[in-house]
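Asker: Based on the provided sequences and hints, a complete structural model is requested.
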Amino acid sequence: MALDKYETHEHDVIVIGAGGAGLRAAIEASGQGAKTALICKSLLGKAHTVMAEGGIAAALGNVWPEDNWKVHFRDTMRGGKLLNNWRMAQLHAQESPDRVKELEAWGALFDRTPDGRILQRDFGGHRYARLAHVGDRTGLEMIRTLQQHAVHKGIDVFMECTITRLLKDGERVAGAFGYWRESGRLVVFKAKAVVLATGGIGKIWKFTSNSWEYTGDGVTLALDGGAHLIDMECYQFHPTGMVWPPSVRGILVTEGVRGDGGTLKNALGERFMFKYVPEFFRAETADTEEEADRWYTDKKNNRRTPDLLPRDEVARAINTEVKAGRGSPHGGVFLDIASRRDAKYIQRRLPSMYHQFKELADVDITKESMEVGPTAHYMNGGVRVDADTAVTAVPGLFAAGEIAGGLHGANRLGGNSLSDLLVFGRRAGLYAAEYAKNFKGTPAADAGQVQALARACLEPFERTGGENPYAIHQDLQECMQSLVGIIRTEGELKKALEEIATLRERCRRIKIDGNRQYNPSWHLALDLHSLLTVSHAVTLAALERKESRGGHTRDDYPKTDPELGKVNVVVRKVRDELTVSREPISPMPDELKKLLEGDK
Amino acid sequence: MPDAIMRVWRGDATGGAFREYRVPTDEGMVVLDVIHKIQATQANDLAVRWNCKAGKCGSCSAEVNGRPRLMCMTRMNLFPAGEPITVAPMKTFPLIRDLVTDVSSNFSVAKTIPAFKPGRAEADGAFRMMQEDIDRGQEFHKCIECFLCQNVCHVIRDHPENMPMFAGPRFFVRLAALEMHPMDTDSRAEYLRLKAGLGFCNITKCCTEVCPEHIKITDNAIIPLKERVVSEYYDPVVWLVRKLTGK
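Line order of the protein sequences matches chains V and W.
Everything in the first sequence is counted per our numbering, starting at 1 for the first residue and increasing by one.
Everything in the second sequence is counted per our numbering, starting at 601 for the first residue and increasing by one.
Hints should not be assumed to be uniformly reliable.
Computed list of lysine to any residue pairs in SDA-like fashion (alpha-carbon distance at most 20 angstroms, straight line) [as the list claims (entries may be wrong)]:
(1) V/101 to W/725
(2) V/593 to V/387
(3) V/153 to W/612
(4) W/637 to V/246
(5) V/153 to W/717
(6) V/344 to W/731
(7) V/101 to W/782
(8) W/637 to V/245
(9) W/717 to V/152
(10) V/546 to V/581
(11) V/153 to W/707
(12) V/101 to W/718
(13) V/344 to V/366
(14) V/153 to W/718
(15) V/70 to W/724
(16) W/826 to W/804
(17) V/153 to W/728
(18) V/344 to V/355
(19) V/559 to V/276
(20) V/101 to W/783
(21) V/101 to W/728
(22) W/717 to V/148
(23) V/101 to W/720
(24) V/101 to W/729
(25) V/344 to W/738
(26) W/717 to V/106
(27) V/153 to W/713
(28) V/358 to W/810
(29) V/153 to W/708
(30) V/358 to W/677
(31) V/5 to V/184
(32) V/511 to W/640
Since the hints were derived computationally from the structure, they do not count as laboratory data.
Since this is a predicted model, take the numbers as computed values, not measurements.
Answerer: As structure tokens, then:
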């Protein structure tokens, strides 16, 4: 059989992606007795989770005993403009405290309260200080803890291995096909169940906090494999990325700066966020600077500072200030913690930020303001999954972490990502292992399928034509940045669709020089399929949602439309074409609805 | 700004050479930006590992003008304008291609380290640990696994044959973090002495000098570990007590 030509591995469960969700899924699947593989594009421990800064949201109630899962649920739903999958939001709020304690039991060292418990910090949209953290390098602590726990669990780890397509056996998933980055050799993974944990799509934009890996591979694998996407238009632009110097534009500045007392100012020195408090959050937001400043230490008698409104609100406000000519010299606004907290406190709480600005921008954040502006950051939507089991529309295919849509609705609260990875990573691993256990027979992908994939993989070496994959990627980023950015209009979105189609044509003329050994131009040429597919999906979804909600802002439909709050925008691939539709969200049970009412 | 003159190592395990590239630069650029520019415009297949471009993931380690550094945190204005800058792969690890080396030996060592073995948590499922008791551990947990300390350590840089019996500074930091974790109940003294080759280190502090996270590897991790091994195995009083009690 032709399949024998390729290096082949067989597992019960393969997990694609080794960030927080992938590692947690692999640990769980392996713990359930499934023979488990973990496959990642980079070296183990380098995934995007490592860059997470501020913390893990979990209602531990260590700092504010008033906190509990119900408040966390409410905050998450309101932050997501009620577009969230309520069941995911419920499970997430209920289970995240246990997942944090579990990390501690596996060796993580979180910052402590004076009585020796896990300290929690303030973040946007969270009613109470809720984020378990380690200074401003929480993601590193999390990924290293999971990684070190995983290496003793008998998981087979395949590093620097890129998956280009899922294998199918009829309707169900049968494994995955890919290549080793180091050698360029092709490889087949046969599996009963597959967990996608590949993160997001931030590399379709020019100014992004995301690393090279975030090319939307997993989203495209899912779409090509028959799964559905929801709410791709609701992409999160983080309000505070670095804006200067040009080469570092987009690098993240943690929300923890504001959580720890920093405030946003325009060129006139105004704390402008007070002007941008939407009706939806007015009752719970301070309307004077004095009240906002008191809130940090007295949450009972004061309302939250508008500097810590959810990210979509803050990003839009910054965008407006800059457009109105009140921006900083390099097209951002000022983020000032220097005048508000002493140098020692800043260096202890925000060591990475201190280091990052000092080394990359010659700015001492204990003495001067930072210049910040919005940067592409997080995919709120993603692959549609069942809330409890993380299974997609494809039998045997699961998804968890940033790649999965639903939990965050139209806008994610800071800190809810790391907890998402743990809660749903575990669930995906658990149910994938269970599916594999109950699986009858052996999954079989036909040899023709694999041969076609191999041909497609190697085609860029054989073509003629002078297109350079780096140039195409750069043009795509320019297109998405200018036409499908924070503020959108129908005309620009339609223009983007045309440009994406042209770029896809150009891709057919990419010719790769050199050989298959660690050749990044070949890798990028293959990634472009994913980059273009997710760009297309985001743009289609953005055209479909004719309202402004969360991360999706339409200049031509600036208001929120209550009717559209009842639907997900769904993207599917049908006979090689992307289709878009609106589908109703299942109604929330009354006991959860009650939690949203009142100021509780 | 004058063009940067970059001498970048190109080649694989069978051989190679430095190739010169002239690259226009912008304000604030780091070495990794310039490498990316070469890749996009002059040498599409130039192999380089990188991820976060913010000094947090430790992927883009290389030797810039002979000094081990993260390329993403090395500003171009560190070097005199117009003078050639050499960029070479880490020397200690086997070369894969161009600036990419085979660092898998590190992942093999990681597997052999005895895991965290916690004591019992409180009734609420959480530990009680005081901040001052975990400060040192948190310093060690800052490690981003860039492996620059491994690269510069002469025990393996000059003697690759030592690699199988020497864990190296990165893993001494890891072992120190475990040994000093307030909730850990295991002892790794035997592992340190017999498997990790702690005795090979003669505390020249090269590792500490190159650590981009400024972890005081030698003073805070290696020396206390050496003291631990000494008191466990070579303390004459302990030795005598053991001899007499037969324990």
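Asker: Hint numbers the structure violates, sorted upward?
Answerer: Violated hints: 3 and 17; rest satisfied.
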